[in-house]
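Student: Here are the chains, one letter per residue:
Protein chains: 2
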Amino acid sequence: MLIELDFNSQKPIYEQLYEQIILSIAKGTLTSGDSLPAVRTLAEEIGINLHTVNKTYNILKDEGYLLIDRRKGALVSKLPITPKTEYHDHFLDELQLLTAKSHLMGMKEDDFIAACKNYFNHYKGEL
Amino acid sequence: MLIELDFNSQKPIYEQLYEQIILSIAKGTLTSGDSLPAVRTLAEEIGINLHTVNKTYNILKDEGYLLIDRRKGALVSKLPITPKTEYHDHFLDELQLLTAKSHLMGMKEDDFIAACKNYFNHYKGEL
DNA sequence: TATTTGTTATACAACAAATATAACAGGTAA
DNA sequence: TTACCTGTTATATTTGTTGTATAACAAATA
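Protein chains in written order, with my numbering: chain A, 548 to 674; chain B, 548 to 674.
Quick caveat, the hints were computed from the structure, so don't treat them as lab data.
The beta carbon of each residue, even a glycine, is placed where N, CA and C say it ideally should be.
Do not take every clue at face value.
Keeping only pairs whose Cα atoms sit at most 27 Å apart, straight-line, the calculated DSS-like set for lysine-lysine is [said to hold, decoys possible]:
#: 1; chain 1: A; residue 1: Lys664; chain 2: B; residue 2: Lys664
#: 2; chain 1: A; residue 1: Lys655; chain 2: B; residue 2: Lys671
#: 3; chain 1: B; residue 1: Lys664; chain 2: A; residue 2: Lys655
#: 4; chain 1: B; residue 1: Lys625; chain 2: A; residue 2: Lys574
#: 5; chain 1: A; residue 1: Lys558; chain 2: B; residue 2: Lys608
Covered stretches of chain B (in silico footprint by chain A; criterion: 3 or more residues with CB under 8 Å from a CB of chain A, positions within the stretch not fixed) [as the list claims (entries may be wrong)]:
#: 6; segment: 554 to 563
#: 7; segment: 591 to 597
#: 8; segment: 637 to 648
#: 9; segment: 661 to 669
Sequences and hints are given; from them, build the entire structure.
Tutor: Quick look at the structure:
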């Protein structure tokens with residue numbers, strides 16, 4: 548498991564870990580059914596406390612990205628996930644804010660869409 | 548100034564304020580050169596401390612959305628803003644994470660782009 | 001001079017983030 | 001059974017963030 552943390556970032560550790568796991572799933576480095584390292588293993592591997600890893604795993608579980616099996620540990624869910632409406636609304640709020648920012652930075656609609664397509668090309672074909 | 552705060556949200560007050568000001572500028576409710584309420588005025592108006600408003604104004608200043616003039620107070624910057632590369636990189640990171648999430652939620656590229664276009668339609672013609 | 005700006009400083013309370021230990025409960029395998 | 005591996009729970013501590021409360025300061029205005 549390749550995780551890179553910036554301990555000087557203003558972004559919390561559990562959030563950095565959260566984001567990197569989501570990106571790994573989207574890119575196909577992790578796929579449905581794959582098991583993640585045990586909380587103690589990953590914690591030691593990247594030099595943080597086991598509770599911090601556990602917190603990340605539980606958020607990912609609540610949002611539908613992971614299943615936590617007492618026997619096997621944390622597993623990547625069957626994709627696509629089916630998020631709660633609350634989570635989906637939050638997702639749209641974030642998207643609205645990002646589009647607003649891009650507009651104020653002078654990006655045209657086409658520029659923004661081109662950037663999106665660029666990212667989507669890294670996700671093609673999995674799930 | 549129409550601001551709606553949720554004091555039960557897990558999102559900090561200064562961040563809620565930050566987001567609503569950005570959306571107001573993007574939608575044209577606030578435009579280049581407009582002055583925002585004085586920190587004390589807005590703080591009293593929405594029932595929070597002046598330092599919380601001041602924190603928001605300063606973040607918006609650092610990111611380029613506002614100019615803070617000692618005589619006139621806080622003004623909306625000339626648009627479009629020209630963000631620091633650091634801020635632009637952060638913007639792209641957020642966009643990447645959002646596209647990844649949408650992919651894992653089963654959204655197709657076209658669905659995502661349709662949602663983006665929908666937001667951009669509210670921004671047309673200003674700046 | 002009095003008022004209005006943002007700014008700075010200090011203190012305090014409440015909360016979140018992260019760590020440190022320890023112990024517990026369920027499942028697996030020697 | 002015993003030992004070991006999961007995640008889980010509980011408690012305590014440290015540190016940083018958030019938000020409030022007061023007070024004072026400097027610059028510009030009227």
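Student: All hints, please: hold or fail.
Tutor: Taking the hints in turn, this is what the structure says about them:
1. A:Lys664 with B:Lys664: 13 Å, holds
2. A:Lys655 with B:Lys671: It holds: about 10 Å lies between the C-alpha atoms, which stays within 27 Å.
3. B:Lys664 with A:Lys655: Cα-Cα ~11 Å, so holds.
4. B:Lys625 with A:Lys574: With a Cα-Cα distance of about 39 Å, the restraint between Lys625 of chain B and Lys574 of chain A is violated, given a limit of 27 Å.
5. A:Lys558 with B:Lys608: 20 Å, holds
6. 554 to 563: As far as the segment 554 to 563 of chain B goes, the hint is violated, because 0 residues have Cβ atoms under 8 Å from chain A.
7. 591 to 597: violated (count 0)
8. 637 to 648: Result for this restraint: holds, n = 10.
9. 661 to 669: This one holds; 5 residues, not fewer than the three required, reach chain A with a Cβ under 8 Å.
Consistency with the previously given hints fails for numbers 4, 6 and 7, ordered from lowest to highest.
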